[in-house]
Amino acid sequence: MTEAEIASFLYHEARLLDEKRWDEWYDLFAEDGHYWVPLARGQTEAVFHTSLAYEDRLLLRLRIERLRRGPPSQHPPSWSQHVLQAPSIETAGADGWHTRTPFFYAESRGDETQMYAGTARHHLVAEPGGLRIRLKRVDLVNCDAALPSIQLFP
Amino acid sequence: MNRYRDDPAALRALVREDAVHRDVYLDPDIFRLEMERLWARAWIYVGHASQVPEPGDFITCDIAAEPVLMLRQPDGTIRVLRNRCAHKGAKLLSDRSGHVGRFLRCPYHNWSYRPDGQIAAIPRREGYDGTGLAACEAMRGLGVVRSEDYRGFVFARLAGDGPDLASYFGNSLSSIDYMVDRSPTGEMEVAGGVLRYLHDSNWKQFVENLNDTMHPMAAHDSSAGTAKELWADQPADAPKPMAIEQLVPFAGGYEFFDKMGVRVFPNGHSYSGVHFSIHSAYAAVPEYEAAMQAAYGPERAQDILGTVRHNTVYYPSLTIKGAIQTIRVVRPIAVDRTVIESWSFRLKGAPDLFYQRNVTYTRLINSPMSVVGHDDQQCYRLIQEGLAAGGNEWVSLHRDHHPGEADDLTVNGTSEISMRNQFRAWANLMGAP
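Chains A and B supply the protein sequences, listed in that same order. Each residue of the first sequence is one higher than the one before, counting from 11 in this note's numbering. Each residue of the second sequence is one higher than the one before, counting from 607 in this note's numbering.
Warning: the hint list may mix true and false statements.
[Unchecked claim] Taking lysine to aspartate or glutamate pairs in the EDC-like style, the calculated list, with each CA pair at most 20 Å apart, reads:
no.: 1; chain 1: B; residue 1: Lys-846; chain 2: A; residue 2: Glu-122
no.: 2; chain 1: B; residue 1: Lys-834; chain 2: A; residue 2: Glu-122
no.: 3; chain 1: B; residue 1: Lys-846; chain 2: A; residue 2: Glu-41
no.: 4; chain 1: B; residue 1: Lys-694; chain 2: B; residue 2: Asp-668
no.: 5; chain 1: A; residue 1: Lys-30; chain 2: A; residue 2: Glu-137
no.: 6; chain 1: B; residue 1: Lys-694; chain 2: B; residue 2: Asp-633
no.: 7; chain 1: B; residue 1: Lys-846; chain 2: A; residue 2: Asp-66
no.: 8; chain 1: B; residue 1: Lys-834; chain 2: A; residue 2: Glu-75
no.: 9; chain 1: A; residue 1: Lys-30; chain 2: A; residue 2: Glu-75
no.: 10; chain 1: B; residue 1: Lys-834; chain 2: B; residue 2: Asp-806
[Said to hold, decoys possible] Far from chain A, some chain B residues (derived; all Cβ distances over 12 Å):
no.: 11; residue: Glu-660
no.: 12; residue: Gly-749
no.: 13; residue: Asp-806
no.: 14; residue: Ile-946
[Claimed, not checked] Per label pair, the in silico range of CB-to-CB distance:
no.: 15; chain 1: B; residue 1: Asp-783; chain 2: A; residue 2: Tyr-21; range: 33 to 39 Å
no.: 16; chain 1: B; residue 1: His-1004; chain 2: A; residue 2: Thr-129; range: 23 to 29 Å
no.: 17; chain 1: B; residue 1: Glu-835; chain 2: A; residue 2: Pro-86; range: 24 to 30 Å
no.: 18; chain 1: A; residue 1: Pro-112; chain 2: B; residue 2: Asp-681; range: 44 to 50 Å
no.: 19; chain 1: B; residue 1: Ala-824; chain 2: A; residue 2: Ala-155; range: 46 to 52 Å
no.: 20; chain 1: A; residue 1: Arg-31; chain 2: B; residue 2: Ala-625; range: 44 to 50 Å
no.: 21; chain 1: A; residue 1: Pro-86; chain 2: B; residue 2: Pro-1009; range: 40 to 46 Å
no.: 22; chain 1: A; residue 1: Pro-112; chain 2: B; residue 2: Gly-903; range: 55 to 61 Å
no.: 23; chain 1: A; residue 1: Val-57; chain 2: B; residue 2: Arg-757; range: 48 to 54 Å
no.: 24; chain 1: B; residue 1: Arg-618; chain 2: A; residue 2: Ser-118; range: 42 to 48 Å
no.: 25; chain 1: A; residue 1: Glu-41; chain 2: B; residue 2: Gln-962; range: 45 to 51 Å
no.: 26; chain 1: B; residue 1: Ser-886; chain 2: A; residue 2: Asp-42; range: 58 to 64 Å
no.: 27; chain 1: B; residue 1: Ala-671; chain 2: A; residue 2: Pro-86; range: 45 to 51 Å
The hints are simulated quantities; they were obtained by calculation from the structure and are not laboratory data. Where is the CB? At the ideal position from N, CA and C, for every residue including glycine.
Assemble the whole structure, with the sequences as input and the hints as a guide.
Right, dumping it as structure tokens:
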């Protein structure tokens, strides 16, 4: 896998979110994959420390199905835009690729837009069907601030 | 000019026995009076003793929209002080937690204070010789706020005079006992970080919602109902993931929530889940139950473990879930702006599974990214916006209302009695000085 192919995968992943192609996005996760938004800087523990989100495929499926049902909080609906810095591969080896992608993220709903910045860290693994996400960790620069509802996927 | 401060009749007219006027949620003058009166006269949750274990440890927060700090004293007691330099008014401590040495020092002019709030030193003090400083307010140092610690929960009362903590909370304190006593050693400590969720709505929307058991079937159908469907195909004996165990009971249905029961107390306090709750069906842990029986005896242990109250509201600032050791703290900022803090506790001497449960629950339900929280927050905001509509200035609280109902009784769980009870306390605490 070349660096360009890895980067292309990550750009594609963000694009699927911004285009609300959630089923395709969900399929990018490995069976044991997780999406994690820590609450603290440098947080190492997801099970025994609170997080903003820590979701396995079951919870991601729940989130996606709920969004599709048009819940109260999605009237009007939210829209997102990721703007990614070029990803860097931090390590590559037998357990796959660990990447680091600084980003800006906007989430807009009705007349209001929230802006976030942070760093996404992916752990990618090669599977027969292609690259899969074992972990997507999203460290927001203001992870410990009082935050309003964040309804989509930074 | 505050149009309600000098008009007691107008203020009283906002609360009927079974309805409230929209101004209680919308009017900035009312918010200002609430902070001056209700929030100053009530016992407000500041923090937990385990957050300041050593002398010099502090936390800071705003209660009643005023900055305070909670500081462990050299003698081991805890004091709540106003977080305001006696000189020019700068906040002394701006970190949310930390440690000070023997003195607190203002970053602006180095005025320093002893841990009890008294002035310790002022640079070039001779500059004040012959001035009026010695006789003025500044010489009192940092204001000491009356505070009390109930089993580690530290509350403060900004208006010094008035009932003590035990009389203000009365028998509702049993919910704190039932939470702490779930530790075989009767101790718990704050752990796992704090979620701070910014709500663009009035603080009362949140407090009323805690024992509003008619909303989950509507507002949470998209989350709990979806969780139920996702799990529907599984065999009955399939081990339930913790998230399913916690989310599905929100879709329990009207009958479930009605039979749960709600209990109210004087001064606005209440809890739902008198007989059972959404936390009743969590998997049992036999070795923990044995430890509890050894610690408390079979009868009391069964009483503690069988008590799974839903939400207890310590009006107006604290709501707790004893069965899973999480609390939510209400920090009002403006008439349409409130921060809800969610804290987790670790029970000493209890299995890690319990701590994992409360961390999971608070993330699933109370996070700014919670699929449950999103819909609550949206509904509060819709009230905030919808009440601007003309033609009806009143909010109905009629469900299961009986004229002259008492403020110390248990009724069916879907009654709106907890909200009426809160507004009785509201009217009482908002009365003229």
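Here is what the structure says about each hint:
{"no.": "1", "hint": "Lys-846(B) with Glu-122(A)", "in the structure": "violated, 38 Å"}
{"no.": "2", "hint": "Lys-834(B) with Glu-122(A)", "in the structure": "violated, 32 Å"}
{"no.": "3", "hint": "Lys-846(B) with Glu-41(A)", "in the structure": "holds, 18 Å"}
{"no.": "4", "hint": "Lys-694(B) with Asp-668(B)", "in the structure": "holds, 19 Å"}
{"no.": "5", "hint": "Lys-30(A) with Glu-137(A)", "in the structure": "violated, 24 Å"}
{"no.": "6", "hint": "Lys-694(B) with Asp-633(B)", "in the structure": "violated, 31 Å"}
{"no.": "7", "hint": "Lys-846(B) with Asp-66(A)", "in the structure": "holds, 14 Å"}
{"no.": "8", "hint": "Lys-834(B) with Glu-75(A)", "in the structure": "holds, 12 Å"}
{"no.": "9", "hint": "Lys-30(A) with Glu-75(A)", "in the structure": "holds, 12 Å"}
{"no.": "10", "hint": "Lys-834(B) with Asp-806(B)", "in the structure": "violated, 30 Å"}
{"no.": "11", "hint": "Glu-660", "in the structure": "holds, 21 Å"}
{"no.": "12", "hint": "Gly-749", "in the structure": "holds, 26 Å"}
{"no.": "13", "hint": "Asp-806", "in the structure": "violated, 7 Å"}
{"no.": "14", "hint": "Ile-946", "in the structure": "violated, 9 Å"}
{"no.": "15", "hint": "Asp-783(B) with Tyr-21(A): 33 to 39 Å", "in the structure": "violated, 55 Å"}
{"no.": "16", "hint": "His-1004(B) with Thr-129(A): 23 to 29 Å", "in the structure": "violated, 52 Å"}
{"no.": "17", "hint": "Glu-835(B) with Pro-86(A): 24 to 30 Å", "in the structure": "holds, 25 Å"}
{"no.": "18", "hint": "Pro-112(A) with Asp-681(B): 44 to 50 Å", "in the structure": "holds, 49 Å"}
{"no.": "19", "hint": "Ala-824(B) with Ala-155(A): 46 to 52 Å", "in the structure": "violated, 31 Å"}
{"no.": "20", "hint": "Arg-31(A) with Ala-625(B): 44 to 50 Å", "in the structure": "holds, 47 Å"}
{"no.": "21", "hint": "Pro-86(A) with Pro-1009(B): 40 to 46 Å", "in the structure": "holds, 42 Å"}
{"no.": "22", "hint": "Pro-112(A) with Gly-903(B): 55 to 61 Å", "in the structure": "holds, 58 Å"}
{"no.": "23", "hint": "Val-57(A) with Arg-757(B): 48 to 54 Å", "in the structure": "violated, 28 Å"}
{"no.": "24", "hint": "Arg-618(B) with Ser-118(A): 42 to 48 Å", "in the structure": "holds, 44 Å"}
{"no.": "25", "hint": "Glu-41(A) with Gln-962(B): 45 to 51 Å", "in the structure": "violated, 22 Å"}
{"no.": "26", "hint": "Ser-886(B) with Asp-42(A): 58 to 64 Å", "in the structure": "violated, 31 Å"}
{"no.": "27", "hint": "Ala-671(B) with Pro-86(A): 45 to 51 Å", "in the structure": "violated, 31 Å"}
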